[in-house]
Amino acid sequence: MAVVSKMIEADDLSILGLSLEVALTATLAILPIGIALAWLLAGWRGQGRVLVESILTLPLVLPPTAIGIVLLTLLSKHHALGRVLSDVGIEIMFTWKAAVLASAVMSLPLLVRSARTAFEEIDPRLLGVARTLGDGPLRVFRRVALPLAWRGIAAGVLLSFCRALGEFGATILIAGNIPGRTQTLALAIFHRSQVGRDGDALRLVALVCFVALAAVYATERLGHRRGAAPSAT
Amino acid sequence: MLLALTFAVQACRKALPQDELLVFAAASTADVLTEVGRDFETETTQKVRFSFGGSRDLARQIRAGAPAAVIVSADAETIDALVEAKLVRSEDRRSFASNRLVVVVPTGAASVAIHTPRDLVGVVRLAIGDPKLVPAGNYARQWLEKEGLWTEVAPHVLPSLDVRAALAAVEAGHADAGIVYRTDAARSQRVQIAYEVPVERAPTIAYVAARLASADTPGAMRFLDFLTGSKARATLARHGFVL
Numbered sequence: 000m001a002v003v004s005k006m007i008e009a010d011d012l013s014i015l016g017l018s019l020e021v022a023l024t025a026t027l028a029i030l031p032i033g034i035a036l037a038w039l040l041a042g043w044r045g046q047g048r049v050l051v052e053s054i055l056t057l058p059l060v061l062p063p064t065a066i067g068i069v070l071l072t073l074l075s076k077h078h079a080l081g082r083v084l085s086d087v088g089i090e091i092m093f094t095w096k097a098a099v100l101a102s103a104v105m106s107l108p109l110l111v112r113s114a115r116t117a118f119e120e121i122d123p124r125l126l127g128v129a130r131t132l133g134d135g136p137l138r139v140f141r142r143v144a145l146p147l148a149w150r151g152i153a154a155g156v157l158l159s160f161c162r163a164l165g166e167f168g169a170t171i172l173i174a175g176n177i178p179g180r181t182q183t184l185a186l187a188i189f190h191r192s193q194v195g196r197d198g199d200a201l202r203l204v205a206l207v208c209f210v211a212l213a214a215v216y217a218t219e220r221l222g223h224r225r226g227a228a229p230s231a232t
Numbered sequence: 000m001l002l003a004l005t006f007a008v009q010a011c012r013k014a015l016p017q018d019e020l021l022v023f024a025a026a027s028t029a030d031v032l033t034e035v036g037r038d039f040e041t042e043t044t045q046k047v048r049f050s051f052g053g054s055r056d057l058a059r060q061i062r063a064g065a066p067a068a069v070i071v072s073a074d075a076e077t078i079d080a081l082v083e084a085k086l087v088r089s090e091d092r093r094s095f096a097s098n099r100l101v102v103v104v105p106t107g108a109a110s111v112a113i114h115t116p117r118d119l120v121g122v123v124r125l126a127i128g129d130p131k132l133v134p135a136g137n138y139a140r141q142w143l144e145k146e147g148l149w150t151e152v153a154p155h156v157l158p159s160l161d162v163r164a165a166l167a168a169v170e171a172g173h174a175d176a177g178i179v180y181r182t183d184a185a186r187s188q189r190v191q192i193a194y195e196v197p198v199e200r201a202p203t204i205a206y207v208a209a210r211l212a213s214a215d216t217p218g219a220m221r222f223l224d225f226l227t228g229s230k231a232r233a234t235l236a237r238h239g240f241v242l
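Protein chains in written order, with numbering that gives the first Met the number 0: chain A, 0 to 232; chain B, 0 to 242.
The shape of chain A in the complex, shown without the other chains:
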């Protein structure tokens, strides 16, 4: 323990703490929205579904800086949305909330895609049975769909969390790089390498590797059990 505490500095831990808080809050914030969107998309048979799905996937494929500058523009005081928020006393830009917002927007597509796939894998007959037994749509969702799809949703949540943890491009544009307030792991690594503190940056890399590995490992485990389920039953 003594060796570990010597290798890691207090600064590193507070940066890790802030990053975890930001990533966790972002993930929690998108959870209801992401699951609702996934459920609606999974049940949508009409036209336009592919278009909506494609639009929702944009943050995953666009350069993060493109998302960042769009958010920066929308939330600036020169834009209606930014003015409304500012008028009701909500300050987002270059605060902790901006880092959360950037991470949330960037990781939403991952949650929606994973959860949608999970919902689509449910045998539609099971949902049909529930409906014929008199369950309303909300009850079908809560009592049948959610319990059957939870593994896929959980995997999506973990992936989103990882994406949120690593967010850089949109974050630096709308949250800046303020130590102790908005400087997350990804930003601190960038800043330290910029000013020639490569060793200090690598220490953060080791820390984030540890967290990311744990999350990805958990995701993989969830995925494997889901794949193995049919043969086990």
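Keep in mind the hints are simulated off the structure, nothing from the lab. None of the hints are false.
Which residues of chain A face chain B? A few of them, derived with a C-beta cut under 7 angstroms, are: (1) Met92; (2) Phe93; (3) Ile177; (4) Val194; (5) Gly195.
Beyond 10 angstroms from chain B on every Cβ pair, some chain A residues (computed): (6) Leu15; (7) Leu39; (8) Gly47; (9) Val49; (10) Thr56; (11) Val60; (12) Pro63; (13) Ala65; (14) Asp86; (15) Asp134; (16) Arg142; (17) Leu201; (18) Arg202; (19) Leu212; (20) Gly222.
Just so it is clear, CB atoms sit at the ideal spot from N, CA and C, and this is done for glycine as well.
Start from chain A and add chain B according to the hints.
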């Protein structure tokens, strides 16, 4: 949907230390202001938090709504632009120090010999702050323009996001030489000063601190007063700044 997200984020509002004074400051003042900040905290019990970077990038963040109370720029133009944008009142700025421009090369090693400005033309990669973003880079450019060398040197420039990044590029050997402040060169064992730009050839270097008009906290003005006071001036002098 963006609105919904925004509100979701707002709902998870974190209690931030609102009594903390947020100071955006030029990268070249990182060491000296950290020390000045500690003295200020001891004397006033007002907590200070610094964010160091290229002066113009910091000003850009302020224009975009960053909640800084004080900005410390390595040039007067950046503050003038904020005054123009009505983000700083003209009476709320203080010019408090100057600096010298130097050419640095990696220590020891068979580094390029630079004895006159013209020798810079032979440098393969010259690290300077991005002249559009970083005052030190802008000063370097103005100096080289005055020497009539800029057009020859410009293709070899390795631009960086702040002056400390230019210093780091030379330290790491990514650049063969760099133009930084004398105070930056003094704090590094891995670079040596090859040439000091004579004061009469260099543009006027002025560090200017200003309170943001949006900062209604009394701490901001107290910080400006402290920065121009005798204790801070002694610290600045000890770090090699020109007063």
